[in-house]
Amino acid sequence: MIAVESLGKRFGDRWIFRGISFELGRGDRLIVLGKNGAGKSTLLKTILGLAEPTEGTARLPEGDPRNSVGYSSMDMTVYPFLTPREHLDMAGQLRGCAPRTDELLGRVGLAEATDRLSGQLSTGMRARLKLALAMQAEPSLLVLDEPGAGLDEQGRRVLDLIVEEQARRGCAIVATNDPGERRLGNLELDLG
Amino acid sequence: MNSIWAEIGAVVRKEALTEMRARNGIATSALFALVTVVAIALATFNRTIDKDMASGLLWVAILFAAVITLPRVMVTEEEQGTADLLRMLARPEAVYWGKCIFNGCQIMAASFILSFLFFGFTHVGLESPGLFALSVFGGSMGLAGSATMCGALVARAANRAMLAGAIAVPLLLPLVALGVSGMRVAIGPIEADFVYDAGVRAVIGLDCYGIATLAIGVLIFPFAWKS
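If you read the sequences in order, they're chains A and B. Numbers 1 to 192, taken from this note's numbering, label the letters of the first sequence in order. Numbers 1001 to 1227, taken from this note's numbering, label the letters of the second sequence in order.
Warning: the hint list may mix true and false statements.
Unchecked claim - Computed cross-link-like contacts, SDA-like style, restricted to lysine to any residue with a CA-CA straight-line distance of at most 25 Å: (1) 1226(B) - 51(A); (2) 1226(B) - 1159(B); (3) 1226(B) - 3(A); (4) 1226(B) - 8(A); (5) 1226(B) - 26(A); (6) 1226(B) - 1212(B); (7) 1226(B) - 55(A); (8) 1226(B) - 18(A); (9) 1051(B) - 1133(B); (10) 1226(B) - 65(A); (11) 1226(B) - 54(A); (12) 1226(B) - 121(A); (13) 1226(B) - 60(A); (14) 1226(B) - 188(A); (15) 35(A) - 1212(B); (16) 1226(B) - 89(A); (17) 35(A) - 1081(B); (18) 1226(B) - 1087(B); (19) 1226(B) - 58(A); (20) 1226(B) - 64(A).
As the list claims (entries may be wrong) - To be clear about the criterion: a stretch of chain A counts as covered by chain B if any three or more of its residues have a C-beta under 8 Å from a C-beta of chain B, and this derived list gives those stretches: (21) 78-91; (22) 94-107.
Derived from the structure by calculation, the hints contain no laboratory data. Note that CB positions come from ideal geometry on N, CA and C, so glycine has one too.
Can you build the whole structure from these sequences, using the hints too?
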């Protein structure tokens, strides 16, 4: 489903990571571990094509990446002046898929906040909205960067269910520095 | 594959909703327009403004009203961290056209408001409203294309303001030259036919320049947006 070969990223003279290779198939959930600054987020962005690799390649699942890949990250912000409903409607229109607005917002526990501006939501609620956006097109690859940050206990259960469901549909990559989130994966990559 | 028109529509709708609720661009433009026109009116109180000077002043005001607000449309996406979300969801062409259409409408609205205030406060007459409208239309397209392109090119740079200036100046100079010539004829009166013809050609040139800027922008934008 996804193949990463000798991937490396350098900023100036410093290699953030180098020689990263792996393949993931259906059911795989790779946990990317590492301390702050180890390059977890940069690795995910490089795999997704949001950052140019210095060397190596990453092959994503076939099809339009907007539908075959779902991404949620701490760095990525939702629009503060749009509501969760407007986010999902817009994303559905851009991706050309069914927005599944009520279903997804219900699943991530935002049914009561569908028409509140995202800027007025808590950090945890915005994290849930990003999860809903990532899942919308039922992607083959789900990439989550620090997905547990800001989530409460109920939010973490939702996250567990999402990753489990993803394993049945395709594969997932989860970057974290929370040892507790190792439970989400069956494979590990430690960036140190 | 999803229709590009639906995607462009989604980007325009997103921009419009955000602007309607945040009121960053329109409010800044309106405030700038009011202050500029009041300053010009006070400076020329009880005097008649020379028509050549009036066309230049009006274009300077339109240009600055656009320049202080339009690049923000791209830069804000990077600064608030929403650019990656948009990159994951939309094709670059849809982002470009969506933002250009929204920017164009915004600057056109700002230009007409500014012009209305300008003509009202300074008592300068308008001889040819048709030429004036075409001049504002071409100028708005050129400014929207230039601002969207410049915004995308500088959005991720550390020294954005300086870089934006360096890129924008060569793009905006021909636009201003054509705009002032066209506006001069629109304000009138024109004594000689050949001056009128030159003004009409300037307005046609301005509209063509606007279209060319948009066309070049769509070729450059995907590289600036993705890299």
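Is the Cα-Cα distance between residue 35(A) and residue 1212(B) 25 Å or less? violated (49 Å)
Take a quick look at whether residue 1226(B) and residue 60(A) sit within 25 Å of each other, Cα to Cα. Holds. Residue 1226(B) to residue 60(A) sits at ~17 Å (cutoff 25 Å).
Is it true that the CA of residue 1226(B) sits at most 25 Å from the CA of residue 54(A)? holds (15 Å)
Residue count check for the segment 78-91 of chain A against chain B: does it reach three with CB-CB under 8 Å? holds (count 8)
Can you confirm whether the C-alpha distance between residue 1226(B) and residue 65(A) stays at or below 25 Å? holds (14 Å)
Against the 25 Å threshold, does the CA-CA distance of residue 1226(B) and residue 58(A) hold or violate the hint? holds (16 Å)
Next pair to validate is residue 1226(B) with residue 1159(B); report whether the Cα-Cα distance is within 25 Å. holds (19 Å)
Need the status of pair residue 1226(B), residue 26(A): alpha-carbon distance at most 25 Å? violated (29 Å)
Just to be careful, I want the Cα atoms of residue 1226(B) and residue 51(A) compared with a cutoff of 25 Å; is the pair within it? Cα-Cα ~8 Å, so holds.
Compare the distance between the alpha carbons of residue 1226(B) and residue 18(A) with 25 Å, and conclude whether the hinted pair is satisfied. At roughly 22 Å apart (the allowed maximum being 25 Å), residue 18(A) and residue 1226(B) satisfy the hint.
Holds or violated: residue 1226(B) with residue 121(A), Cα cutoff 25 Å? violated (29 Å)
Straight-line Cα separation of residue 1051(B) and residue 1133(B) no greater than 25 Å? Holds, at roughly 17 Å.
Figure legend: structure checked against the earlier numbered hints; hints not met, in rising order: 5, 12, 14, 15.
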